[in-house]
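With chain W held as given, fit chains A and E onto it using these hints.
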Amino acid sequence: MTIDTAASMWGEFSAMHAWAIATAAVVAAGCALVGTLLVVRRMSLLGDAISHAVLPGIAVAVLAGGRPGGLLVLVGAVAAAVVTVLLVQVLRREGGLAADAGTGVVFTTLFALGVVIITAAASRIDLDPGCILYGILELVPFDTVRVAGVEMPRAFLTGAGVLAVVAVGLAVTWKEQLFTAFDSDAARAVGLPVAAVTGGLLAATALVTVASFEAVGAILVVAMLVVPAATAELLVRRLHVMALVAMLLGVVAAVLGYLAAWRFDTSAAGMIAVVLGLEYVVAAIVAPEDGVVARVAARLALGWRVTCEDTLALLWRADEAAAGVAPQPFRSPGEWAAGLWLAASGRIAREAGRWGLTAIGRAEAETVVRSHRLWEAWLGRHADLPLDHLHPPAEWIEHHLGADLRRRIEADVGAEESDPHGRSIPREP
Amino acid sequence: MNSLAAIPYNTLVVAAAVAVVGFASGVVGCFGVLRRRALAGDAAAHATLAGVVAAFVVTGRRDLPTLLVGAFVAAMASLGCLVVIRRFTRTRDDAATALVLSVSFGIGIVLLSGLSARGISGAGGLEQFLLGHTAALTATDAITLAVVSAAVVLVVWAGLKEATLVSFDPAFAAATGWPVAVIDYALVALVAAMVVVGLPAAGAVLVTALVVIPPVAARQWTDRVPTMLILAGVIGLVAAVGGVAASAAVPRLATGPTIVLVAAGLFAVSFFCAPERGWFARRRGV
Amino acid sequence: MPDSGTSACPAVEFHDVTVAYGRRPVLWNIDLVINAPGLFGILGPNGAGKSTLLKAALGLVPLVGGRVTLFGRPLAEVRSRIGYVPQRETVDWDFPVNVMDVVLMGTYARLGWWRRPGAAERDRARAALERVGLVDLAGRQIGRLSGGQQQRVFLARALAQDAELYFLDEPLAGVDVRSQERIFRVLDDLRREGRLVVVVHHDLRTAADWFDGAALVDMRLVAAGPTAAVLTPENLRRTYAGHIDVLDELGRAVERGGRTA
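Residue numbers (my numbering), protein chains in the order written: chain W, 691 to 1119; chain A, 15 to 300; chain E, 3 to 263.
Each hint should be verified, as a subset may be incorrect.
Said to hold, decoys possible - Incomplete in silico selection of chain A near chain W, CB under 7 Å:
hint, residue
1, ARG50
2, VAL72
3, THR73
4, ARG104
5, ALA109
6, LEU113
7, SER116
8, GLY120
9, VAL196
10, LEU220
11, VAL226
12, ILE227
13, ARG266
14, TRP293
Quick caveat, the hints were computed from the structure, so don't treat them as lab data.
C-beta atoms are modelled at their ideal positions from N, C-alpha and C, and glycine is treated no differently.
Isolated chain W, as found in the complex:
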């Protein structure tokens, strides 16, 4: 049965679509979960390698009589993953190959081997090289088994089963996985079986890869492994939340990708990968703290705060020097805007034709000037800087000193009343 015939058979949404989506979702969740650990442990390329290298394992298993998605195939996949990892290590130890080079050699070779086996034994293996590369999610609902009276796709069953096994396995060993991920040396020193933990992770990778093969094929598995986790990493910091967010992102991409593929009449696996990519882009833009939008906003906010504080400090210094401030001290649009805001928020007020500080404004201004002069005192004490070089750093740092640090600096510089220029340091308001 070809894709064209199948597609022409249904033009409307049906339970078949639902099963296909369910399969994709289940497989995506499993990959995202495993992928979170791979990404955090900087093993993304090893995940890429394993997803390619399981092919000969699958091919040999099918040749030996295993059914696609059956136990023999799963075992073959895990065996291939083990072989991959061992080979990379042997190449490093015995051949002096760097990790990336060794990985490149091993996974291309094993993948090529797999394709050759499948092509040469084409009469006995029903696996098409195209399918290997990008799966046939659309045909998955047609190969069903009967479970508890319900006809469900075999691929869904495999996917759900693998998800359950992997989820339970990782949940049970989560603390060990977490520790090893963040500091494998310390974990080893404490006695954790790091090799076993890593081995378990790689076996899980092999399992989810094989479970995903029919749905999305070897290369797009990599998308489901790495991209949701990378996206989640941009959004949250705690590992277990990251894993859950990644799984959610994977499921959403599976659903949206499949629907988009149906709507635009193209490959579901490819669409899922594209949706995953879009999720990443969106996250990179809108992520709180790290996203592009957040960073630009933070920079603008800082600039605004600096302008406001500089204006307050300017007025305060003018008062101190008993020199008048020009009736219109605002020159640039930014300073104008700051002035309007300060007036509106009750920090400055206009009296007798000039701007002056209100009580609130005075307190804030003193904070800034205090920070400035304390920093000059600290630099004068702890750094070898000539007197006329103290002002510029203080102009910058005065906006970043907080109350607690100010008190500590004050204690350090001996509660001197004046800065190196002899000007008095205002008290903490």
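Chains A and E alone, transformed into the frame defined by chain W:
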């Protein structure tokens, strides 16, 4: 000489071109391997599929130069994405590579599958770019590939000292006034070019093996960069020609996998038999 | 090239230099003048920014404030007069080059684009190797050298640059005593030839013996001047007793764009 005359002219030309492509890939791949960035080319390679299909969709033409220009644009765009990700996000390099690799391939599959679902004529041949297929190459196309490859080798040879310096000690290079970023970028662009040129022979999925395996194999035999380049070129050449010849023996077999297996065989020989670094040599306590 | 014995002239000047990694400042407002000729040490605790200061002078890290002038000019104009010996860890010693290849790299800048090193360059390289006592090992792959020998290769490469001003980043770290003395003697010869050698150094004990002048750096400049005047107990206490927690917190606040606690 008589048997040679019996081989069709086209096949000879294609074989010669594949040899040059294999040589150039091995040479160019050396610097990626030496700088421990062997798999950067893989992201570019997977992106080429989208470029090939997009070129066909945009221009309506299926001639090789058009498709390969599209592939090159896509390759450079994917490498550009890697730079953007590194610059603007916290995502680490290995995850970024895997991400760009798989998503760009997904885009390619969406385009390819979309075309074939709409029954657009001429789209079928594009699938051959996945795993390689030299049988359809014309002599003109083959010569184009060979010329580009030869140009790449010449550039590498001319700038050998600059490339070696920047690969070995970029801090010293920068301190002594070399434009490290520019040279770096040029090396990356050369790898992208060879990845694209290698597409007809090895396909998008496996072409990265042509720039990774020969240099790694060559390194086992020598401790000098010029020698390593030449050896890698020769190994790449043998792998490319051998692979194409082997795949001709089995009709359904794509050329990519056979090229990789020949290269892997040569690597295995190098791994075991090289003097000093080889496995046997070390066992003997040399 | 200034003769030895003439009055010192400022060769390296840091004007209010601030360096940040990402958005976080790691060197704060450094004002420092180093005169030629001489052997000058940059000292301070680990992670205090000594290497960063060197890299700032060489244009290897961007400045977020201030500027550096060498011989009174910006770096770009005087690169050919500057030699550099980076830290040993920065390089992959498995790289397939031998000793001669590496030393020849010191001649590349003068060769310019595309040209290959010729007999003249090889002679310069060989002379440099003789000065550090490695001419017999010219054909050896660099991974097969001891730590001290590797360091001397880097030094020979810098000598092949025939510069007036040398920057060395921890040239004696992890090097056996004999190699240390050998290296120091080369640096001393350079000083006597009228050049300026600026060395980031990790060992305070030998610093007093070897350097005419020194700067104590701990994220900011604590003190600079003749070595004996700099390495006083008071200065050392100010450096090593660690007041940089203040700078550390501030650095993080600046990176965030907010205030400290």
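Hints breached by this structure
2, 3, 9
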